[in-house]
Every structure is written in structure tokens, then in C-alpha cells.
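**Q** Okay, here's what each chain looks like letter by letter:
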Amino acid sequence: MSEEKKLGSEIFCEALAAEGVEVIFGIPGGVVLPLYDQINKFGHKMKHILPRNEQGGGFAADGYARVTGRTGVAIGTSGPGATNLLTAITNSMMDSIPVVYITGQVTEELMGTDAFQETDILGMTMPVVKHSYFVSHAKDIVQTVKEAFYIANSGRPGPVHIDFAKDAWVTKAHYLPATAIDLPGYNPLPDECPEEEILKLEDLLHESERPMVIAGHGVELANAREQLVEFAEKHNIPIANTLLGLSTFPQDHELWAGMIGMHGDAVTNCIAHNADLIISIGSRFDDRITGNLEAFQKDTKFVHIDIDVSEFHKNFPVDLALPGDAKEILMRANTLLKGNEYPSWWKQIDEWKSQYGFLDFTVNPINDESFLSQPRIVDMISKASDGEAIVAADVGRNQMWTGRFYRFKKPNSHLSSGGLGSMGYGLPAAMGAKFGQPDREVWAIVGDGGFQMNIQELGTIAESKLDLNIAIMEDSHLGMVRQWQNLLFKGNISHSVLKNPDFVKVAEAYGIKGWRAKTYEEAEQAIAEARAHKGPTLISFHVDPDEHVFPMVPPNTPLGDQSLKAEDLL
Amino acid sequence: MTHKTDNHYKVTAKVRNGLGVIARMTIMLRKFNVNIQSFDVEALDDEKRFYNIHFVLDSTKDNREFEVVMKKLERLIPVVKVDFTKQPNGQ
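Just so you know, the sequences run in chain order A and B.
Counting from 1 along the first sequence, just add 80 to a position and that's the residue number in my numbering.
Counting from 1 along the second sequence, just add 219 to a position and that's the residue number in my numbering.
I should point out that these hints are in silico values taken from the structure, not numbers from a laboratory.
Warning: the hint list may mix true and false statements.
[To be verified] Subject to a maximum C-alpha distance of 27 Å in a straight line, what follows is the list of computed DSS-like cross-link-like pairs (lysine-lysine):
1. B:233 with A:226
2. A:314 with A:433
3. A:394 with B:250
4. A:394 with B:229
5. A:394 with B:290
6. B:300 with B:280
7. A:381 with B:280
8. A:226 with B:290
9. A:394 with B:305
10. B:290 with A:381
11. A:394 with B:300
12. B:229 with B:267
13. A:280 with B:290
14. A:314 with A:489
15. B:291 with A:226
Small disclaimer: the values here were computed from a predicted structure and weren't measured.
Produce the entire structure from the sequences given, and follow the hints as far as they go.
**A** In C-alpha cells:
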């Protein structure tokens with residue numbers, strides 16, 4: 081042990097570098113200042129990005145992780161810095177995103193005294209993390225960081241939180257490499273699925289007349305796109321996606337069956353409602369997917385493929401549970417199973433496509449031609465970027481239309497706050513994605529409500545001169561709230577109207593080039609100019625507040641009873 | 220007390236010792252509205268690395284739902300293994 085002891089803060093930076101961390105999103109303050117006294121000395125190894133709010137930093141780390149498959153890192157100081165991270169942590173938990181969240185804590189001596197900026201952040205995060213640690217001495221840092229990164233990005237990924245007492249940064253220890261990870265009971269992968277279980281899928285497919293696959297985020301996390309295509313083609317089976325599963329299957333493929341759910345495609349929901357066999361891969365039967373659970377289950381057999389065995393039978397019992405990584409199970413199924421054909425089922429699906437329209441944003445024409453149509457704008461961005469961009473949506477109508485009408489060509493390209501549905505996600509997530517994939521085109525498609533929840537990140541984007549395009553769907557309303565109030569609350573528009581600033585001027589104040597589009601000609605030109613511009617851009621599209629997202633499956637309603645137009649609900 | 224106590228379970232969870240283990244478990248049980256009647260803790264080795272935590276729980280969940288809760292409990296990182304048995308009503 082020849083080396084001198086090092087400060088915990090230095091050991092921590094070395095431990096991050098040893099994990100291959102290249103980008104950190106963090107804000108210094110109070111008890112993490114000893115860390116920040118070291119972190120700028122590691123600039124040659126790790127880029128530190130200063131978000132304007134810890135929530136923005138957390139969402140950025142989440143977006144970074146989604147597009148790179150690597151573990152994101154976000155830092156906040158004790159007290160408000162830590163509590164500002166809570167929403168981002170929860171978001172990562174709900175969507176199974178590997179992020180290591182670092183918070184500062186007051187010294188151990190002060191803990192429990194209600195010291196300045198003391199919060200029990202470890203207690204607060206416990207329900208919303210995959211795991212968490214508390215560290216109060218330099219000697220424990222290396223092993224803890226090693227375990228945290230391992231847990232975050234193994235098995236079903238998720239956020240890991242480490243709360244560091246200030247003592248951890250200022251005590252000294254030798255930098256010793258981490259020992260082997262020893263976590264009895266933590267089995268990232270389930271026991272290997274027996275072959276006879278996978279063969280049961282053959283019987284179910286053979287007996288079925290109307291099968292479908294619902295491919296979720298787990299397919300993306302497993303990098304199983306190729307295996308899913310092979311499975312689909314072998315069995316000639318329709319592949320629907322969940323919101324988070326979009327971009328797991330080529331959307332120009334004839335077997336792609338659209339997005340399922342509350343605001344999914346009408347055809348997709350018809351397929352799900354009438355299917356006699358549903359194979360869910362890497363999806364957890366969220367209520368937004370199933371609609372009324374009783375109707376969803378009626379006369380249907382279910383196969384559930386998931387890496388997390390605790391998801392099996394959670395919301396209802398399934399007929400066949402196949403534990404494992406989606407890629408591994410699909411590879412084995414592709415080898416073991418004989419192919420199938422379902423010609424009459426496809427004939428029915430084609431009839432629904434004719435009846436309802438499929439992937440067609442003109443099915444529900446806009447009410448007021450003086451406004452722009454949001455789905456048409458999404459379609460324009462999709463065509464302009466040839467489906468090659470990374471797109472981070474916010475939450476609400478913009479989110480649903482981005483999912484429905486951006487034709488994703490590449491995996492790991494669609495970012496959305498799926499489980500938590502956190503407004504304010506889109507802008508910082510796009511920012512994190514651009515840091516992770518600097519050579520790819522990145523768009524944030526956001527509403528004016530969500531945009532203003534993390535508008536401060538314009539500062540981070542401008543400072544970093546990120547070549548990132550922001551599309552604001554400006555209708556001066558919380559649009560999805562307005563839709564629900566219009567359709568489900570008898571038009572009582574209660575506190576969902578926004579008085580916006582001039583977003584173009586706001587952008588310009590940050591040095592960001594901005595456009596305002598009120599016609600499709602202006603929109604087309606702005607999109608083209610924004611794409612050609614090197615650096616951040618913002619376009620405010622003047623969209624219709626009363627353009628509703630259809631279909632709409634109201635809560636606890638069968639997918640088969642989806643509403644296709646406002647009159648169905650009024 | 221208005222909590223329904225339709226089903227009673229005895230649960231033994233083998234856990235690795237660590238900060239907040241019991242808190243993590245009770246938070247998970249609360250998420251599923253499972254009520255803790257009692258619990259006790261038993262060290263399993265001299266180094267006090269592993270413990271058994273014995274819970275008596277009551278829940279309105281059916282067997283399938285309760286099994287899911289136990290699987291979620293077992294997914295917690297410090298939890299090594301969970302065994303449970305349903306008790307006859309009234310015990």
C-alpha cells in the first residue's frame with residue numbers, strides 16, 4: 081500500500097471514472113462543495129454539465145441513459161437539491177432506467193438535528209429506487225459505487241441512490257479497487273426458463289386463431305429488436321407496441337400493428353380487444369394499456385415474457401409465464417418453435433385498417449383551420465428527419481401524437497415519461513440524449529405547459545451550444561387536461577388556461593434561434609431552417625387547443641369501446 | 220380500526236444486515252396495503268450478517284395477489300429469500 085491516502089471526494093471521482101462515466105449532470109452546493117473541489121480536476125475524464133435545476137439534471141441523466149444504454153449520473157446537494165431530484169428518481173424507477181443518483185447529506189454528527197439543508201432523503205427515496213446506500217467514510221466509497229452501478233444496470237434496470245454524508249468527502253482512505261460483488265439474494269436474471277415451458281408457446285400459437293404480440297420497453301432494454309422481427313415473421317403475427325416500446329420494431333414493416341392503449345391506434349386496440357392470444361414481451365400490463373381489465377382478459381389467453389418474475393400474475397393471472405431476458409427467450413423460441421400463419425386474422429385486421437384508417441393523422445380533422453394540427457406537425461418533423469431522429473416528448477397530447485405519428489426507424493430513439501407521466505420531462509431528457517448521442521439529430525416535442533416546468537434548462541442547452549431542436553406545441557392550455565375537461569367533465573375548463581410569454585423572445589434572450597409558425601408553410605420552413613442550423617433552436621407552433629387525441633379509451637373502459645370522436649363521449 | 224383482516228400470513232424473510240432493511244420491507248408492504256400485525260428479528264450467524272425477519276401479516280388480498288407481494292418483497296436487494304404460509308382464519 082504505497083500510495084498516500086486520498087480524500088473521499090477524489091476517490092469518488094476515480095470510482096466514477098473506473099465505471100466509465102463520461103457525463104455527469106449535477107449542481108454544487110453546501111455539503112457537496114468538497115466533492116466539487118475535486119470534480120473539476122477530472123474534466124479530462126468526465127464532462128460535468130450544470131443543469132439549472134436538479135430535476136432537469138435528473139431527467140437529463142435519464143434521457144442520457146435511455147439513448148446510450150449506459151448508466152446515467154445526476155448529483156444534487158442535501159436538502160432542496162436532493163428533494164428536487166425526487167421526481168426524476170421516481171421517473172427512472174417507473175420506466176426501469178439505470179441512473180445512479182448522488183445526493184449530499186449533512187455530517188453524521190449533525191444528522192437528526194434538523195440541521196440546515198438536512199433532509200432524510202434516503203428515507204424519501206426508498207419507495208422509488210431499485211436500491212440505495214448511505215456512505216459516511218471515504219473507505220466505503222469504491223465498493224459502494226461499484227455495487228450501485230452494477231445494480232442499476234443489471235437485470236431489470238433502475239435507479240440507485242447514494243446519499244453521502246459530508247464526512248465521506250473529507251475523510252481519507254487508500255484507493256483500493258473494489259472487491260468482487262457479493263450480494264446474496266440479488267439475482268438479476270431469473271433461473272433459465274425450461275425448454276418445455278417455451279414449447280408450450282407453440283401449442284398456444286397453434287391453437288390460436290387471433291394472436292398478437294405487445295412489445296414493450298423490455299424489448300428495447302434487451303436489445304431484442306432483431307429477434308422480435310424474426311419471431312414476428314416466423315409466425316406472421318401482428319406486433320403492437322406500448323408507448324415505451326415504440327422503436328423496438330420497424331414501423332414500416334407490414335407486421336407492425338401500431339401503438340396500443342388509452343390513446344393508441346384504433347386498429348391496434350381492435351386487435352387487442354379481439355385477440356384470443358396476447359404475448360406480452362417486456363411490458364407490465366399497465367392500466368393505460370389494458371383498459372378495463374375484465375374485458376381485456378375475456379376469452380383471451382396470455383403469455384408473459386419478462387426478466388422480472390415479480391411482474392408475473394401481478395395484475396391478473398397469465399396462462400404462461402416465461403422468465404428471462406427478452407432477447408434470450410425470443411432467440412430460443414425462434415429456434416424451437418415451428419412457424420404459423422393466420423390469414424383470416426390478417427383479413428380482419430386489414431378490414432379494420434380500411435374502416436378506421438391506420439397511422440393516418442387525417443382521420444380526425446382539426447376543428448379550426450386557423451390553427452395548426454399537432455399530429456400533422458409531428459408528421460412533418462418525422463418526414464423531414466426521415467424517422468432517424470431521437471425524439472423526446474413531454475407529457476400529454478404532444479406525447480401521444482409523437483408516439484403515434486413520428487415513424488421511428490432506429491431503436492433507443494423515443495424518450496417518454498411513460499410510467500410516471502411527468503410533465504417537464506421532454507426538454508431536459510432531449511438535452512441528456514444529445515449529450516449521449518451528439519452525432520444524432522435530436523428533437524424535444526413539448527407542450528407549452530410541460531415546457532415551462534423545466535424551461536430553465538434553455539440556459540444549460542444554450543451554454544453547451546447543443547445542436548438540439550425544440551418544438552413547442554403552443555395552445556396556451558394544459559391540452560390533455562383541457563381534453564378531459566371538455567369530454568369527461570362537461571366542458572368545465574377549470575384552471576387549465578395558460579398565459580404564455582413570447583417563447584421566441586425567451587429563446588432569443590438565451591441566444592437560441594427561434595421561429596414562430598402559424599401556417600404550414602411557415603412550419604415547413606422553420607423545421608427546415610432549424611435542422612440546418614448548427615446550435616439550439618426553438619419553434620413555437622400555433623396549435624389548436626381543442627384538437628383532441630382520438631381514439632380515447634376513458635379510464636376503466638374496454639379497449640373495444642374506444643371513442644373515436646368527441647360525440648362518442650359527450 | 221377499520222382494516223380488513225380477511226387473510227393472515229406468517230412470513231419469514233432472510234435478509235442481509237444493512238441500514239434500513241426493515242424500512243424497505245415495511246414500505247413495500249404498505250405499498251400493497253398489507254398490514255403488519257407483528258414482527259421479530261433473529262440473527263442467523265455470529266457475524267450478524269444475515270437475519271431472519273418473521274412477520275405476521277394480514278391482508279385482504281387473495282392468494283395470487285399476496286404471492287405477488289411476496290415476490291416484490293423478495294426483489295428487494297437486501298432480501299435473500301422469502302417464505303410464507305397462509306394461516307387459518309382467526310390465528
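**Q** Indicate, hint by hint, whether the structure satisfies it.
**A** Each hint, compared with the structure:
1. With a C-alpha separation of about 24 Å, the suggested pair residue 233 (chain B) and residue 226 (chain A) falls inside the 27 Å cut-off, and the hint holds.
2. The suggested pairing of residue 314 (chain A) with residue 433 (chain A) holds, with an alpha-carbon distance near 22 Å, which does not exceed 27 Å.
3. With a C-alpha separation of about 14 Å, the suggested pairing of residue 394 (chain A) with residue 250 (chain B) holds against the 27 Å cut-off.
4. Taking the CA atoms of residue 394 (chain A) and residue 229 (chain B), the gap is about 21 Å. The hint holds against a cut of 27 Å.
5. This hinted pair checks out: residue 394 (chain A) and residue 290 (chain B) have alpha carbons roughly 10 Å apart, not beyond 27 Å.
6. A distance of roughly 21 Å separates the Cα atoms of residue 300 (chain B) and residue 280 (chain B); the hinted pair therefore holds under the 27 Å criterion.
7. Between residue 381 (chain A) and residue 280 (chain B) the CA atoms are separated by roughly 23 Å; this keeps the pair inside 27 Å, and the hint holds.
8. For the proposed pair residue 226 (chain A) and residue 290 (chain B), the alpha carbon gap of about 26 Å is at most 27 Å, so the pair holds.
9. For the hint pairing residue 394 (chain A) with residue 305 (chain B), the CA-to-CA distance comes to about 19 Å; that is within 27 Å, so the pair holds.
10. At roughly 23 Å between alpha-carbon atoms, residue 290 (chain B) and residue 381 (chain A) fall within 27 Å of each other, so this suggested pair holds.
11. A threshold of 27 Å between alpha carbons decides the hint, and for residue 394 (chain A) with residue 300 (chain B) the separation of about 19 Å falls inside it, so the pair holds.
12. At most 27 Å may separate the alpha-carbon atoms for a hinted pair to count; residue 229 (chain B) and residue 267 (chain B) meet this at roughly 23 Å.
13. In summary, the hint linking residue 280 (chain A) to residue 290 (chain B) is supported, as the alpha carbons are separated by about 24 Å, within the 27 Å threshold.
14. Note on residue 314 (chain A) and residue 489 (chain A): the hinted pairing holds, with a Cα-Cα distance of about 21 Å set against a maximum of 27 Å.
15. For a cut-off of 27 Å, the pair hint linking residue 291 (chain B) to residue 226 (chain A) stands: about 24 Å separates their Cα positions.
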